[in-house]
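Trainee: The residues making up each chain are set out below.
There are 2 protein chains.
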Amino acid sequence: MRLLTNKRLVIFLTLLAVYAFYSLAFGATGIEAGENESGHGASPVLDILLELIVILLAAKLGGDLFERFKAPSVLGELIFGIIIGNLHLVGFDGFEPFKHNITLEILSEIGVIILLFEVGLESTVKEMLKVGVASFMVAVFGVIAPFFLGWGVAILFIPDHSIYVHIFIGATLTATSVGITARVLKDIGKINTKEAKIILGAAVIDDILGLVILAVVTGIITAAASGSSDGISSGAVLWIIAKAVLFIVGAVVIGGFVLPRFFKFGFRLKGQGVLLSFSLLVCFLLAYLAGEVGLAPIVGAFAAGLIMEEVYYKDFTDRGEHQLEELIKPISIFLVPIFFVRMGMMVDLTTFTETKILGFAAVLTVAAILGKQVCSLAIFDKQINRFAIGLGMIPRGEVGLIFASIGAKLMYEGEPVIVASTYSAVVIMVILTTLVTPPVLMISLLRGDKKKQAAAAVSSNKK
Amino acid sequence: MRLLTNKRLVIFLTLLAVYAFYSLAFGATGIEAGENESGHGASPVLDILLELIVILLAAKLGGDLFERFKAPSVLGELIFGIIIGNLHLVGFDGFEPFKHNITLEILSEIGVIILLFEVGLESTVKEMLKVGVASFMVAVFGVIAPFFLGWGVAILFIPDHSIYVHIFIGATLTATSVGITARVLKDIGKINTKEAKIILGAAVIDDILGLVILAVVTGIITAAASGSSDGISSGAVLWIIAKAVLFIVGAVVIGGFVLPRFFKFGFRLKGQGVLLSFSLLVCFLLAYLAGEVGLAPIVGAFAAGLIMEEVYYKDFTDRGEHQLEELIKPISIFLVPIFFVRMGMMVDLTTFTETKILGFAAVLTVAAILGKQVCSLAIFDKQINRFAIGLGMIPRGEVGLIFASIGAKLMYEGEPVIVASTYSAVVIMVILTTLVTPPVLMISLLRGDKKKQAAAAVSSNKK
Numbered sequence: 143m144r145l146l147t148n149k150r151l152v153i154f155l156t157l158l159a160v161y162a163f164y165s166l167a168f169g170a171t172g173i174e175a176g177e178n179e180s181g182h183g184a185s186p187v188l189d190i191l192l193e194l195i196v197i198l199l200a201a202k203l204g205g206d207l208f209e210r211f212k213a214p215s216v217l218g219e220l221i222f223g224i225i226i227g228n229l230h231l232v233g234f235d236g237f238e239p240f241k242h243n244i245t246l247e248i249l250s251e252i253g254v255i256i257l258l259f260e261v262g263l264e265s266t267v268k269e270m271l272k273v274g275v276a277s278f279m280v281a282v283f284g285v286i287a288p289f290f291l292g293w294g295v296a297i298l299f300i301p302d303h304s305i306y307v308h309i310f311i312g313a314t315l316t317a318t319s320v321g322i323t324a325r326v327l328k329d330i331g332k333i334n335t336k337e338a339k340i341i342l343g344a345a346v347i348d349d350i351l352g353l354v355i356l357a358v359v360t361g362i363i364t365a366a367a368s369g370s371s372d373g374i375s376s377g378a379v380l381w382i383i384a385k386a387v388l389f390i391v392g393a394v395v396i397g398g399f400v401l402p403r404f405f406k407f408g409f410r411l412k413g414q415g416v417l418l419s420f421s422l423l424v425c426f427l428l429a430y431l432a433g434e435v436g437l438a439p440i441v442g443a444f445a446a447g448l449i450m451e452e453v454y455y456k457d458f459t460d461r462g463e464h465q466l467e468e469l470i471k472p473i474s475i476f477l478v479p480i481f482f483v484r485m486g487m488m489v490d491l492t493t494f495t496e497t498k499i500l501g502f503a504a505v506l507t508v509a510a511i512l513g514k515q516v517c518s519l520a521i522f523d524k525q526i527n528r529f530a531i532g533l534g535m536i537p538r539g540e541v542g543l544i545f546a547s548i549g550a551k552l553m554y555e556g557e558p559v560i561v562a563s564t565y566s567a568v569v570i571m572v573i574l575t576t577l578v579t580p581p582v583l584m585i586s587l588l589r590g591d592k593k594k595q596a597a598a599a600v601s602s603n604k605k
Numbered sequence: 143m144r145l146l147t148n149k150r151l152v153i154f155l156t157l158l159a160v161y162a163f164y165s166l167a168f169g170a171t172g173i174e175a176g177e178n179e180s181g182h183g184a185s186p187v188l189d190i191l192l193e194l195i196v197i198l199l200a201a202k203l204g205g206d207l208f209e210r211f212k213a214p215s216v217l218g219e220l221i222f223g224i225i226i227g228n229l230h231l232v233g234f235d236g237f238e239p240f241k242h243n244i245t246l247e248i249l250s251e252i253g254v255i256i257l258l259f260e261v262g263l264e265s266t267v268k269e270m271l272k273v274g275v276a277s278f279m280v281a282v283f284g285v286i287a288p289f290f291l292g293w294g295v296a297i298l299f300i301p302d303h304s305i306y307v308h309i310f311i312g313a314t315l316t317a318t319s320v321g322i323t324a325r326v327l328k329d330i331g332k333i334n335t336k337e338a339k340i341i342l343g344a345a346v347i348d349d350i351l352g353l354v355i356l357a358v359v360t361g362i363i364t365a366a367a368s369g370s371s372d373g374i375s376s377g378a379v380l381w382i383i384a385k386a387v388l389f390i391v392g393a394v395v396i397g398g399f400v401l402p403r404f405f406k407f408g409f410r411l412k413g414q415g416v417l418l419s420f421s422l423l424v425c426f427l428l429a430y431l432a433g434e435v436g437l438a439p440i441v442g443a444f445a446a447g448l449i450m451e452e453v454y455y456k457d458f459t460d461r462g463e464h465q466l467e468e469l470i471k472p473i474s475i476f477l478v479p480i481f482f483v484r485m486g487m488m489v490d491l492t493t494f495t496e497t498k499i500l501g502f503a504a505v506l507t508v509a510a511i512l513g514k515q516v517c518s519l520a521i522f523d524k525q526i527n528r529f530a531i532g533l534g535m536i537p538r539g540e541v542g543l544i545f546a547s548i549g550a551k552l553m554y555e556g557e558p559v560i561v562a563s564t565y566s567a568v569v570i571m572v573i574l575t576t577l578v579t580p581p582v583l584m585i586s587l588l589r590g591d592k593k594k595q596a597a598a599a600v601s602s603n604k605k
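Here the protein sequences line up with chains A and B, keeping their order. Residue numbers for the first sequence follow our numbering, so the first one is 143 and each next one is one higher. Residue numbers for the second sequence follow our numbering, so the first one is 143 and each next one is one higher.
Bound-form chain A, shown alone (with noise of 0.2 Å):
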């Protein structure tokens, strides 16, 4: 096996070395000078074709690669893109303009958008509700714990940044990644387990307290920056919660009176792909709302996900046709590696050499990993594994990654509140969180295993 992960990493570097080649052979501007001698005039769109090439490919063999190595295949995606975004350190600038492709940047941005939209779409508004307590208290103390160490550290290795700066960090490292906690669980087999669903359901509530404390960050940083510098008024920021918390209720009262009669409607119009395009309609049209009120695109197609309950469009699978959720994963497929792989390009590596943003990295690390173990503290039942459930709110994922490109477009003073340096230190520890996750998480509930076993075994013993 390790031989054919090798041939794999042999493979790819040797169509990166084909395409150096090509590109340094015909020049900076071969591929220009080829396109206006064929005249189609369609440049940008072959533009676009190289660049989806390159990112699909690094994508499905970076994605390879770790998870033979039981690791999630983001991180592959990831790692890929690191490397071909760093590509111009050894001479090679070939990949320089898919950085600054606006299209590009658009298409992952629907990435993500599409991505968070399959993600509610595993729960459902009442699952939500379901979930209780224990889910409701692992969350809150998986969120406000890992804030104030995030917040305390950057203090500590940033001082000279804004306050505004610390508490974006701190907020960095709030929200556990449901898409990756639930692909390790399954990965391992413990998708049905008491922890997993604890898990799960917390990392539910969580991603909304993030996608909440990153609706309001965000815009008591807006406020502050365009003028108001004197400080923001609580009243400012009632409204900025006001406005988050009213947009999910707004869109799951509406969204519970509204959609039935819309995917009711589109059973009745002729076509083909209405349920997938309807689906498609009600993400966009959330995300849009979301982005108009203020808040971040994603949490509207986060909530849209959320309120799609599968009564509504129950008479289209009746009829014969594909779930919404076999409808929708083609176009993940196609467009959710393009967000990460595009999001591991713009990791500037040498940031990396400043040993101040490596330490900053990894006491950042330390302190993500640590503030989900006070989790572990909402648990009371002694039947439960408590310490799997803290291991499991580990891994930041896609939304920590999120947080940091909207971080790295927020102006404040001048400057972007995440700066190249604290963007590579943010990514850092997503990577080294989801890295850390898979084994650890294992190791305990597989230790978990054996206890129950042994308790079980001296139990039947004493019958």
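Calculated from the structure, these hints are not laboratory results.
Identical chains blur together in the list; that is why a pair holds if it fits in one copy or across any two.
With a Cα cut of at most 35 Å, we get these calculated DSBU-like pairs of lysine-lysine: (1) Lys339 x Lys593; (2) Lys336 x Lys456; (3) Lys456 x Lys332; (4) Lys241 x Lys412.
Knowing the structure of chain A, use the given hints to seat chain B on it.
Mentor: For chain B alone, kept in the frame of chain A given last:
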């Protein structure tokens, strides 16, 4: 049913009115102001989301309306696109930015690449070689006649334009839309008749002939435009033809050797969605290479679909994964309507007020229809309903629109080969040929059935 249809139109118009009110009330800068205020910095994404919402809704409502009248839904997408694109004539210009958004244009072109890949998947290289002399003759007759008829009509109606414009218009009339043809035959339940098989076989060949003609004509015009205006050497023409043919033959040969190994390699990769990602890689790579050798990217996408044989990726479906067609479909449901609605949006209705264009469009449509009736001369088997073959070859659909859009981007002597008025005439021709086919083909085939039944009754009486 009439009432239902009207209800849909009312809903569409109401939504348009709501959006119009919103835009007018908040002014042209309303959306931008909202974005700046909220400060999420994602304005290009929100623009695209809004455009996708409008386009998806228009596509589904328009498709439904036309399917109710037994017309292909692509017509509805076109016509609703025309409505959206021309609302500025009644004073609402909220949709004007849609026309100039480069990302939307690229998305629509990825859509048409996916569509041609899908159409290519419908047939295999083997099937194409099997359809034999009949289909080939039908295709050749059905290309030559409309080409010269279109050329002649262009000389008559726009004599002041260069010979290249006349040739291009001839080329625009050549290719039957295999998608629409198949769709119509399926809609009237005749997909498995002998006539259907000949039409489909011919449409496939005729698609390739059309694409070769497009490549040759585009190449000739590009060569003429780029300096060597004293004419193009026959060597250059041969080289263009050779490149086009070599690309397709090369794709077939290399595909037969490389693809099985590529998918065998992909089968051993861990991670989700490898089949879809690898198929998209093949599609995008051939589309990109086609663009690089001077062909249209869609030629490559179609070739990619053709060379993808099911046996190459049987391993995937054997282990329970979805068929490739099912995996591509959601992506095509999402992206393909963008192309057709956007194509409709580019139609400038003000050009329709010029009676000369209307006359040109009408005669072009007659040439397009009569040109394909020559196909029936290629059929010698009396068992076959020759007229149905000629009628089945009428629809021009997407390929005609693609030709027109390429012509609109092709510059000769400082102006596009297909100017706005000519583009409108071509779109009218496409709309009319697509509109006229379903009823006449249906009538011809059903009348054929009656004749056969009568003949069968007579012969059984004789026994």
